[in-house]
Amino acid sequence: MNLNEYQDAYPPRAALPAGAEVMRVAPSPTGSPHIGTALQAMIDRAAASNSGGVFILRIEDTDRKRLFPGAIQEILDALSWLGVSPDEGPNVGGDYGPYIQSERLPIYHAAADWLVDHGHAYPCFCTPERLDAMRQQQIAAGKPPMYDQLCRALPADEVAARLAAGEPSVIRLAVPPNTQIRFTDVLRGEIVFDSNTVDDQVLLKSDGFPTYHLAVVVDDQLMHVTTEVRGEEWISSTPKHILLYSAFGWPVPRIAHTALLRDAERRKLSKRSGDTSLAWFRTQGYLPEGLLNFMARILWTHPDGKDIYSFAEFTQLFSVTALHKSAPVANMDLLDFINGQHIRLLGPDSLYDTTRGWLAYLLAQDVEEAVFEVGAKGGERIAHAIPAAALRAFAAAFTRDPAYSQRVLSLEPDRYKKLGDIVLQCPLFYSDLFTPPDAAALAKPLGSAAAARAALDTYMARWHASDTHEAWEQSVRAQADAAGIKPGKLFMTLRIALTASEQTPPLYDVLAVLGETEARRRLTLARDALAQA
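Numbering (the numbering used here), first residue to last: 1 to 533.
Don't take every hint at face value.
Claimed, not checked - Straight-line alpha carbon distances no greater than 27 Å define the calculated DSS-like cross-link-like pairs of lysine-lysine that follow: (1) Lys-377 to Lys-444; (2) Lys-377 to Lys-306; (3) Lys-444 to Lys-486; (4) Lys-306 to Lys-325; (5) Lys-444 to Lys-489; (6) Lys-205 to Lys-65; (7) Lys-205 to Lys-143; (8) Lys-489 to Lys-377.
If you are wondering where the hints come from, they were derived from the structure by calculation, not from laboratory data.
Input sequences plus hints: build the corresponding full structure.
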């Protein structure tokens, strides 16, 4: 088929309502999907949904040297987990596929042939060695490295002969000289490039695969994409795409270049400033709802100034033109706050089900340990490594009695910023995971093992599990007064004995969840440890 026949095979989307947006996200399967992919997918999904349009997932796998095994499935899984699944794509099909570029090679060849036939592109036979030497000379001379257009001037009969002989070649874009290339960015206004600064880009490589520049233009046209949203790092490539649209006689879609995501120090987000793969956020225990809310919050301002809202609300109110022009900052403290609010919206029963599913996901990864990060003062992130065996033990304890675990989760749910916090904070509630405190920790609040043991003896004799909160607290304070000690130190001694921690939910509530039998067992263990000190 030639290019005209391919265009006939992909007719306009006549069934869509007026103003419908056809959006696409097009990640490369060269590693785990990145938060940048999630940002664009969220924008595209929202724009398509609120206009009655279509959201497409297209896999750009033309860089064959960098393909990562299993990456396509990771992309599909990540978008599904995030809740921004496509309407068309490799996993759901559609009338405008195939949706994996390596399955569309005949289309790109037809497009490249059309460009050559109409004088907008040309074969280039330069070897990698010549190109490398040329670039080195240009750099040494202080010039930007660009192709010197040697093959652009070759006579037609020589080109035909070399092609007939099977000499390796690529197809390059013939950039017109001394021309202003203009386009209007939805977010940035008109942008102008001098064509003399634009390289004769390779469009079709010698291995028969297209480069990004040819493939993205051909695919967006044949899939009838209305708006292209991509990162600002692609601005310098856009003139090449504008030239291609012009050469083919195709209308240019709306183009929006979003600002690059920055870390708290306003540096371009990278592996150096924290793991940015979607798998990392999922492993930490961020909810899809929380992560979507966070990304929306840093990209866009809610009309009512709200920080917490659903993706459905964002979709209803969103417009591409309302995206921030300044670089969004991936402030992890803000993410923790937003995600914590979404956790609180779940309630104990839904939080239990969500945590159980997340634990199953973690264990299925079959890793030696899980590392959970916790925010600290000054923006520091502290990593806590949990061995796989400990994670399995927690999952077994957590899921053994759902009603009990729901009571655990109901205690101060605002303590949990992400599901990883549950693994770090909740083992103390399970008898088979509880590690009793040593005598030194028990003796610390009251100053000696003897004083701590005497306090525990008196408390165990006075305590009635049926006491109300008020009666229990009055009893503990009366015991402290009688012993001539500060109530806070007695409460801390009890807290350490019962939880092996100085920071827990309210002690009376902890006692109520543990139950009298388990609480007395722990108090006895603490008293015995003090007796041996």
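Consistency of the hints with the structure:
1. Distance check on the hinted pair: Lys-377 and Lys-444 sit about 25 Å apart at the alpha-carbon level, within 27 Å; holds.
2. Annotation: proposed proximity of Lys-377 to Lys-306 holds, straight-line Cα distance about 25 Å (limit 27 Å).
3. A distance of roughly 13 Å separates the Cα atoms of Lys-444 and Lys-486; the hinted pair therefore holds under the 27 Å criterion.
4. About 19 Å separates the Cα atoms of Lys-306 and Lys-325, which keeps this hinted pair within 27 Å; it holds.
5. The hinted pair formed by Lys-444 and Lys-489 meets the criterion: a straight-line CA distance of about 9 Å does not exceed 27 Å.
6. With a C-alpha separation of about 13 Å, the suggested pairing of Lys-205 with Lys-65 holds against the 27 Å cut-off.
7. Between Lys-205 and Lys-143 the alpha-carbon distance is near 25 Å, which keeps this suggested pair within the 27 Å criterion.
8. A distance of roughly 26 Å separates the Cα atoms of Lys-489 and Lys-377; the hinted pair therefore holds under the 27 Å criterion.
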